[in-house]
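Chains as they are written, first to last, in this note's numbering: chain A, 6 to 458; chain B, 6 to 458.
Just so you know, these hints were derived from the structure itself, not from any lab.
None of the values given here were measured: they were computed from a predicted structure.
Keep in mind that a hint or two might mislead.
Repeated chains share a single entry, so a pair holds when one copy, or any two copies, can fit it.
[Said to hold, decoys possible] Computed cross-link-like contacts, DSBU-like style, restricted to lysine-lysine with a CA-CA straight-line distance of at most 30 Å:
id: 1; residue 1: K136; residue 2: K97
id: 2; residue 1: K22; residue 2: K82
id: 3; residue 1: K293; residue 2: K45
id: 4; residue 1: K22; residue 2: K187
Single-letter residue listing:
2 protein chains.
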Amino acid sequence: MSKDKIKVILEEEHIPKQWYNIQADMPNVPPPHINPQTLKPAALDEMSALFPRELLLQEYSRERYIDIPELVREQYKKYRTTPLYRAKGLEKAISTGCKIYYKYEGGNATGSHKLNTALPQAFFNKQEGIKRITTETGAGQWGSAISMACNMYGLECVVYMVRVSYNQKPYRKIFMETFGSKVYASPSDNTEIGRMYLEQNPEHSGSLGIAISEAVEDAVKRDDTHYSLGSVLNHVCMHQTVIGLEAKKQFEILDEYPDIVIGCHGGGSNFSGTAFPFLEDKLRLGKKVRAIAVESTACPTLTKGVYAYDYGDSAKLGPIALMYTLGHDFVPSGIHAGGLRYHGASPLVSSLLHDGIIEAQAYRQQEVLCDGMLFARAEGIIPAPESSHAISCAIHEAKKADEAGERKVIFFNLSGHGYLDLYAYEKLLANALGDSDFYAEEMNKALEKLPAL
Amino acid sequence: MSKDKIKVILEEEHIPKQWYNIQADMPNVPPPHINPQTLKPAALDEMSALFPRELLLQEYSRERYIDIPELVREQYKKYRTTPLYRAKGLEKAISTGCKIYYKYEGGNATGSHKLNTALPQAFFNKQEGIKRITTETGAGQWGSAISMACNMYGLECVVYMVRVSYNQKPYRKIFMETFGSKVYASPSDNTEIGRMYLEQNPEHSGSLGIAISEAVEDAVKRDDTHYSLGSVLNHVCMHQTVIGLEAKKQFEILDEYPDIVIGCHGGGSNFSGTAFPFLEDKLRLGKKVRAIAVESTACPTLTKGVYAYDYGDSAKLGPIALMYTLGHDFVPSGIHAGGLRYHGASPLVSSLLHDGIIEAQAYRQQEVLCDGMLFARAEGIIPAPESSHAISCAIHEAKKADEAGERKVIFFNLSGHGYLDLYAYEKLLANALGDSDFYAEEMNKALEKLPAL
Chain A
6 MSKDKIKVIL
16 EEEHIPKQWY
26 NIQADMPNVP
36 PPHINPQTLK
46 PAALDEMSAL
56 FPRELLLQEY
66 SRERYIDIPE
76 LVREQYKKYR
86 TTPLYRAKGL
96 EKAISTGCKI
106 YYKYEGGNAT
116 GSHKLNTALP
126 QAFFNKQEGI
136 KRITTETGAG
146 QWGSAISMAC
156 NMYGLECVVY
166 MVRVSYNQKP
176 YRKIFMETFG
186 SKVYASPSDN
196 TEIGRMYLEQ
206 NPEHSGSLGI
216 AISEAVEDAV
226 KRDDTHYSLG
236 SVLNHVCMHQ
246 TVIGLEAKKQ
256 FEILDEYPDI
266 VIGCHGGGSN
276 FSGTAFPFLE
286 DKLRLGKKVR
296 AIAVESTACP
306 TLTKGVYAYD
316 YGDSAKLGPI
326 ALMYTLGHDF
336 VPSGIHAGGL
346 RYHGASPLVS
356 SLLHDGIIEA
366 QAYRQQEVLC
376 DGMLFARAEG
386 IIPAPESSHA
396 ISCAIHEAKK
406 ADEAGERKVI
416 FFNLSGHGYL
426 DLYAYEKLLA
436 NALGDSDFYA
446 EEMNKALEKL
456 PAL
Chain B
6 MSKDKIKVIL
16 EEEHIPKQWY
26 NIQADMPNVP
36 PPHINPQTLK
46 PAALDEMSAL
56 FPRELLLQEY
66 SRERYIDIPE
76 LVREQYKKYR
86 TTPLYRAKGL
96 EKAISTGCKI
106 YYKYEGGNAT
116 GSHKLNTALP
126 QAFFNKQEGI
136 KRITTETGAG
146 QWGSAISMAC
156 NMYGLECVVY
166 MVRVSYNQKP
176 YRKIFMETFG
186 SKVYASPSDN
196 TEIGRMYLEQ
206 NPEHSGSLGI
216 AISEAVEDAV
226 KRDDTHYSLG
236 SVLNHVCMHQ
246 TVIGLEAKKQ
256 FEILDEYPDI
266 VIGCHGGGSN
276 FSGTAFPFLE
286 DKLRLGKKVR
296 AIAVESTACP
306 TLTKGVYAYD
316 YGDSAKLGPI
326 ALMYTLGHDF
336 VPSGIHAGGL
346 RYHGASPLVS
356 SLLHDGIIEA
366 QAYRQQEVLC
376 DGMLFARAEG
386 IIPAPESSHA
396 ISCAIHEAKK
406 ADEAGERKVI
416 FFNLSGHGYL
426 DLYAYEKLLA
436 NALGDSDFYA
446 EEMNKALEKL
456 PAL
């Protein structure tokens, strides 16, 4: 088939039948999560108040491939496979000799890749007899996805939404409510944790760390309720590998292979889903593929954080994990890429970075949104601010290759669209983005509170 | 292939190579448009201040199939073909024995079918050396599509947006600006017409009829500028037939044929694009397919209007056409389906309705948005309020068939998503929709002002 195709779509039967579990191939599998009460490795049973057993088994599995339940695959069929595009418009706009490809995960009804894990999470919880799911959301993409998935399986859904996003994105709140979810601005007065933060500051803008604490507190209080997380954890990252697995097939059809694979990085699930299937080739076959995780300079976990054991949430209710972290108390500035405002990172991604198998880069909000707008005009899709970080990196790498006289094949995942984030572009157009820089001092204060392990 | 498939996707090569022109087959082709100044049939040259010659030739062509330029087809490839879904979730939710299918045109970056005509319109204008396009938009879907298309072809784009939508949908405005368009709330002080309406009422909520007048006035004032319309006209309806042409192929693959074809109806382009290719089978082969145009009870042009010559715009600047109309002065209430607030209708659709070849139905806003929410929860796509009218009709027809003990195959086009219309669902959830009924008295007053032809 022609290398000049601008779109590659796979037939339904090419929706993966198994997820890829990188724990089978990575040199250093992350250690088990730590129970925040005992400060000892958490047994599966200790985490069963939060997660169904099937997901916990996946969390620690060393099997290379794990079957996707047929019912989940049926749901995937509603929106998968997703297209792989050649970004000819963008290539022209930046006059590069490189080939840039992107996979578009924003075509489904929730507008991002998050549905890939929301569906199996709701499925396994339903299977275990759970009636109610609590969760947090930053940008609202995860909240939208889990709301729709819960609605499909007849589960109640309660979402703690970081207040700054709750105020910035009223449409995301209505979206979740349209699917029947209950949405609280976090910190809320619905939990002890929330009330504590509100007492300190009634106008508290919230953080993912706090919202997670609220959702966890709510979940452990009720037997019929589990907690659900949209990123970070091993099983979440694994569910997202449908992205990279499809992409590999699409590149096969094109008779190409990417030199560079790029994904934006908040908690790590998008980057993992995009890059891990290519890293399988690197780890097992010695393929020379570079994988780059891209974050915001306002929350530079991978590029400026430390590799240490830390709490996943601000109130220290959830498991402790070995990961890159800025400290669980770190509250980044209210940038528009709400999905990238997490103090920690996926333990899998962290271990791979620590071992030099992947790379990380950080970009500034102003540059990222400008690149997002350039992409919109060149390619006709308004990208989510989160996804725009991957665009900035792709542009940067293409220019670098041009300067070196090399013609690279660059692939990134466009994890979501920006139709419910247009406020960010309005601020850009009005030249009113303000400062969004990283505050090293805040990080240093936050890092003093790492658990003593 | 299995009749139980829930999604049918066609390969890129099945994107139609020609549009279907129903003028070749309909019993009564509409008479030529009338010049509002001479009150005589307008020669092509008289309309060339507004439209490029190629589009005017299409407007009056009797050729059955008209070639889609290869460059336009290349742009179609970015988002076509579009999927045909079996609405199994909806069928279950309403316990019907009927099969319900829908084609989804909201997957492209502008979120609706409008891009299908925006691309060729921008293309033919560019080809003729035009530098600048003026247009109106109601809901903002058309404005978004033409903004993106103009940006692709390097044309300036000026959008007059009905003020009630401008205020209801700030995201739509930012969307258009992101693609470089200039957006005015209409009535605006940018035109004589606009200033006249503003003098009458500085808070005037606007209407499609007024916004069209403003765009036309702006276009005729400048040689480098053309006007572009997102519906109503024959060539616009024809461009949309890519929808129905693809759908016919998709039904072939399923070995099915719809008994009923449904499209929502504002100006007529979505209904035309969906139904005309099936009507070709009815008119030429005697197929017993029913085609239903669905409108809002707040603006019931086809179900309560008169079949008469009327102006397309409020200020009587644009062509006069024979069509169903509520009178060019009729201003419907500010319902959330802004795309269905047009006083007139496509002359092609009007003639077919007048000849009894198609049917029309009207639904109330409250019912429509409830059905839209039911659909969202059952199918996982939040529909645009406009498209939800088609959903209401599909549900109504399915229930009717169930009562009669019949198992119909029902097909509707889901013309767009509702992510930028979530405000409507918020009002529904808050039980604050208010009255949106039709005011017959207003229509009677407006009908007194029909042109004397």
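*Taking 30 Å as the upper bound on the Cα-Cα distance, should K293 and K45 be classified as within, between, both, or neither?*
Close neither inside one copy (38 Å) nor across copies (72 Å); limit 30 Å.
*Could you figure out if K136 and K97 sit no more than 30 Å apart (CA to CA) within one copy, between two copies, both or neither?*
Only across copies: K136 and K97 sit 21 Å apart there, 51 Å inside one copy, limit 30 Å.
*asked:* One pair to classify: K22 and K187, alpha carbons no more than 30 Å apart. Within, between, both, or neither?
replied: Neither: 33 Å inside a chain and 48 Å across chains, both beyond 30 Å.
*How would you classify K22 and K82 at a CA-CA limit of 30 Å: within, between, both, or neither?*
both (12 Å within a copy, 28 Å between copies)
In summary, the structure is inconsistent with hints 3, 4 from the numbered list given earlier, while agreeing with the others.
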